[in-house]
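Based on these hints, arrange chain L on the given structure of chain Y.
Protein chains: 2
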Amino acid sequence: MKEISKLMSYRESIKVLDATIRDGGLVNDFFFDDDFVRSLYETNIKSGVDYMEFGYKGDKEMFDPDKFGKWKFCDDDDIRDIVGDNNTDLKIAVMADVGRCNYKQDIRPRSESPVDLIRVATYLNQIPTAVDMIHDAKNKGYEVSCNIMAISSAQEGDVRAALDILGHSEVDVIYIVDSFGALYPEQLQRVAALYTEFGEKYNKKIGIHAHNNQQLAFANTIEAVGDGVDWLDATYAAMGRGAGNCAMELLLGFLKNPKYKVFPVIKFIEKHINKLREQGVVWGYDLQYLMTGLLNQHPRTAISFTKEGRKDYAEFYKEIVAMD
Amino acid sequence: MKEISKLMSYRESIKVLDATIRDGGLVNDFFFDDDFVRSLYETNIKSGVDYMEFGYKGDKEMFDPDKFGKWKFCDDDDIRDIVGDNNTDLKIAVMADVGRCNYKQDIRPRSESPVDLIRVATYLNQIPTAVDMIHDAKNKGYEVSCNIMAISSAQEGDVRAALDILGHSEVDVIYIVDSFGALYPEQLQRVAALYTEFGEKYNKKIGIHAHNNQQLAFANTIEAVGDGVDWLDATYAAMGRGAGNCAMELLLGFLKNPKYKVFPVIKFIEKHINKLREQGVVWGYDLQYLMTGLLNQHPRTAISFTKEGRKDYAEFYKEIVAMD
Chain Y
0 MKEISKLMSY
10 RESIKVLDAT
20 IRDGGLVNDF
30 FFDDDFVRSL
40 YETNIKSGVD
50 YMEFGYKGDK
60 EMFDPDKFGK
70 WKFCDDDDIR
80 DIVGDNNTDL
90 KIAVMADVGR
100 CNYKQDIRPR
110 SESPVDLIRV
120 ATYLNQIPTA
130 VDMIHDAKNK
140 GYEVSCNIMA
150 ISSAQEGDVR
160 AALDILGHSE
170 VDVIYIVDSF
180 GALYPEQLQR
190 VAALYTEFGE
200 KYNKKIGIHA
210 HNNQQLAFAN
220 TIEAVGDGVD
230 WLDATYAAMG
240 RGAGNCAMEL
250 LLGFLKNPKY
260 KVFPVIKFIE
270 KHINKLREQG
280 VVWGYDLQYL
290 MTGLLNQHPR
300 TAISFTKEGR
310 KDYAEFYKEI
320 VAMD
Chain L
0 MKEISKLMSY
10 RESIKVLDAT
20 IRDGGLVNDF
30 FFDDDFVRSL
40 YETNIKSGVD
50 YMEFGYKGDK
60 EMFDPDKFGK
70 WKFCDDDDIR
80 DIVGDNNTDL
90 KIAVMADVGR
100 CNYKQDIRPR
110 SESPVDLIRV
120 ATYLNQIPTA
130 VDMIHDAKNK
140 GYEVSCNIMA
150 ISSAQEGDVR
160 AALDILGHSE
170 VDVIYIVDSF
180 GALYPEQLQR
190 VAALYTEFGE
200 KYNKKIGIHA
210 HNNQQLAFAN
220 TIEAVGDGVD
230 WLDATYAAMG
240 RGAGNCAMEL
250 LLGFLKNPKY
260 KVFPVIKFIE
270 KHINKLREQG
280 VVWGYDLQYL
290 MTGLLNQHPR
300 TAISFTKEGR
310 KDYAEFYKEI
320 VAMD
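In order, the protein sequences belong to chains Y and L. Okay, so the first sequence: first residue is 0 according to numbering that gives the first Met the number 0, each after it adds one. Okay, so the second sequence: first residue is 0 according to numbering that gives the first Met the number 0, each after it adds one.
For the record, the hints were derived by calculation from the structure and aren't laboratory data. The reader is advised that the hints may include incorrect statements.
Claimed, not checked - Computed cross-link-like contacts, DSBU-like style, restricted to lysine-lysine with a CA-CA straight-line distance of at most 35 Å: (1) L:K14 <-> Y:K317; (2) Y:K255 <-> L:K1; (3) L:K204 <-> L:K90; (4) L:K1 <-> Y:K306; (5) Y:K200 <-> Y:K274; (6) L:K266 <-> L:K317; (7) Y:K317 <-> L:K255; (8) Y:K310 <-> L:K310; (9) L:K255 <-> L:K1; (10) Y:K14 <-> Y:K270.
Only chain Y is shown next, with the shape it has when bound in the complex (with noise of 0.2 Å):
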């Protein structure tokens, strides 16, 4: 049974991440305008909100700068449009996905960059590349997270030697990611268990990034702060991919450190985030993605069936448990 004297106080060791703009950008193609990246920016400084995400460094080998917006790319420039010389409390993050990223060419050095955290993203077999980013990352001078992503489908012995590597790399924070929607929060506590062991071990903070697919985002995120984990993402209005992620305004209300304020965070959603909904943005819990996060599968069925505008649930069901 957990603390009821942690609930009631505060640990200083947490740190808030806004995802909004990165995983919410998965919705949108990253087509944010300046005035809604700029007052979520004030927002997050006005939240005491630790970290913002402004979005990836995308490949523009890869990927066409004229089909995204431009966090999916996050130029150093880009950035220093919104934040200025950030004097601020705040800090800035981007990801860079394994095989997705020009990291030596396209993440300069902290010293040239509004960028305080990179945020690798990998899968459990990238995790040699995955190494070599963190490793140029700090030598650049940024601080360096590194999330595994797709662990509910992963096993445990490889999820080990995993983080036994990460242990042995300079990374500073090592995140726990529910890709799929799919733990349940007993479940979360002993992934959080096993992360916080090597946390421990190699001096590691650990974080938690959820899917809101059983409606548990939130729920698996207070779970994994009584289990001992500091790095918590979070987005306005839940907004990213699929069923979305854990909402800010749960997070803020719930988290008793009185520089968070939810108030803030109340009026961005009421300006800005319904106005994305009205323009056709569509994330959120929904029959399809409870489905594939039953099923510990990969939302992108979901999401397809979701852009298709589909609502024939029954089908779809039978289509995805008849997948081998």
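Showing chain L alone in chain Y's frame:
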């Protein structure tokens, strides 16, 4: 840490109660057409649901039958029109609110009724009347449960006293009710420990009825399962007052007893629930419910906000924070 073996296996003692008509009726004044209710009844049988709650035994002296659908009153004949002799494993429940039900007159002996379970709903200060209603229903041959509402704003000493009184009564099941959607899973765990302590002492089953103000209705329900709570309320697509309830499709996906089947639930939602939404019936998580949940307030202000079609969340937050 909860036993993973208990997550993989299942407890025979778990009962699932469908409260769609009763709690969902609070958002459409119980105007469900017979096709909806009959189809729900048939779906509950196919899904392995244990109890189906039809609605309230509302006092027709207090509530105008012209202003509500028939499930506000649940006449035995109306239930019989749907279930016939109900020669199935699905049991029938109705709710009787303390102070809003003419129970001595309106609840007929079980031998004359299609109903199996009377669910007495009470606030802490009404416990003596609740005990009289329990006695009355038991005398008439029913199974009886008792929901103590709004406990998140109650003194633990008062809850203990109520549990002791109910322990001495003839009630079969005592329900934890998070009326305001204010409890976090860690708090729910403590509440469950308190209720199961009395449940073991007096040989009563314990149930959980959760609300989704903070997207925790399902998370709190499965937390309760892990804590030894056996009776679980859910509604299709989480239909219910304000932010809604624990979603049946999530709960049956989680429970491992092979008698529970999620596919019929998905079919029902596709055919019937989306139609309700298209007709303008509104429920589910939204910022106004998060706020009343966070502040541990009754959601009635948030319900008014919703009914008025307001979207000025920030103004609403100021209003309810300012209230004494």
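Would the hint linking K266 (chain L) and K317 (chain L) be met if the CA-CA limit is 35 Å? violated (41 Å)
So if I understand the rule, the pair passes when the alpha-carbon distance is 35 Å or less; does K14 (chain L) with K317 (chain Y) pass? Holds. K14 (chain L) to K317 (chain Y) sits at ~27 Å (cutoff 35 Å).
Hinted pair, alpha-carbon criterion (35 Å max): K200 (chain Y), K274 (chain Y). Please report holds or violated. Distance of about 46 Å is beyond 35 Å: violated.
With a cut-off of 35 Å on the C-alpha distance, tell me whether K1 (chain L) and K306 (chain Y) pass. Violated. K1 (chain L) to K306 (chain Y) sits at ~39 Å, over the 35 Å cutoff.
For the pair supplied as a hint, K14 (chain Y) and K270 (chain Y), is the alpha-carbon distance within the 35 Å limit? Holds: K14 (chain Y) and K270 (chain Y) sit about 26 Å apart, inside 35 Å.
Proposed proximity, K310 (chain L) with K310 (chain Y) (alpha carbon, max 35 Å): Holds: K310 (chain Y) and K310 (chain L) sit about 27 Å apart, inside 35 Å.
Agreement of K204 (chain L) and K90 (chain L) with the hint, judged by alpha carbon distance not exceeding 35 Å: holds (17 Å)
Given the hint that K317 (chain Y) pairs with K255 (chain L), test it: the Cα-Cα distance must not exceed 35 Å. holds (20 Å)
Verify the proposed pairing of K255 (chain Y) with K1 (chain L), using a straight-line Cα cut of 35 Å. Holds - the C-alpha atoms of K1 (chain L) and K255 (chain Y) are around 26 Å apart, at most 35 Å.
Going straight from one Cα to the other, do K255 (chain L) and K1 (chain L) come out at no more than 35 Å? holds (16 Å)
In summary, the structure is inconsistent with hints 4, 5, 6 from the numbered list given earlier, while agreeing with the others.
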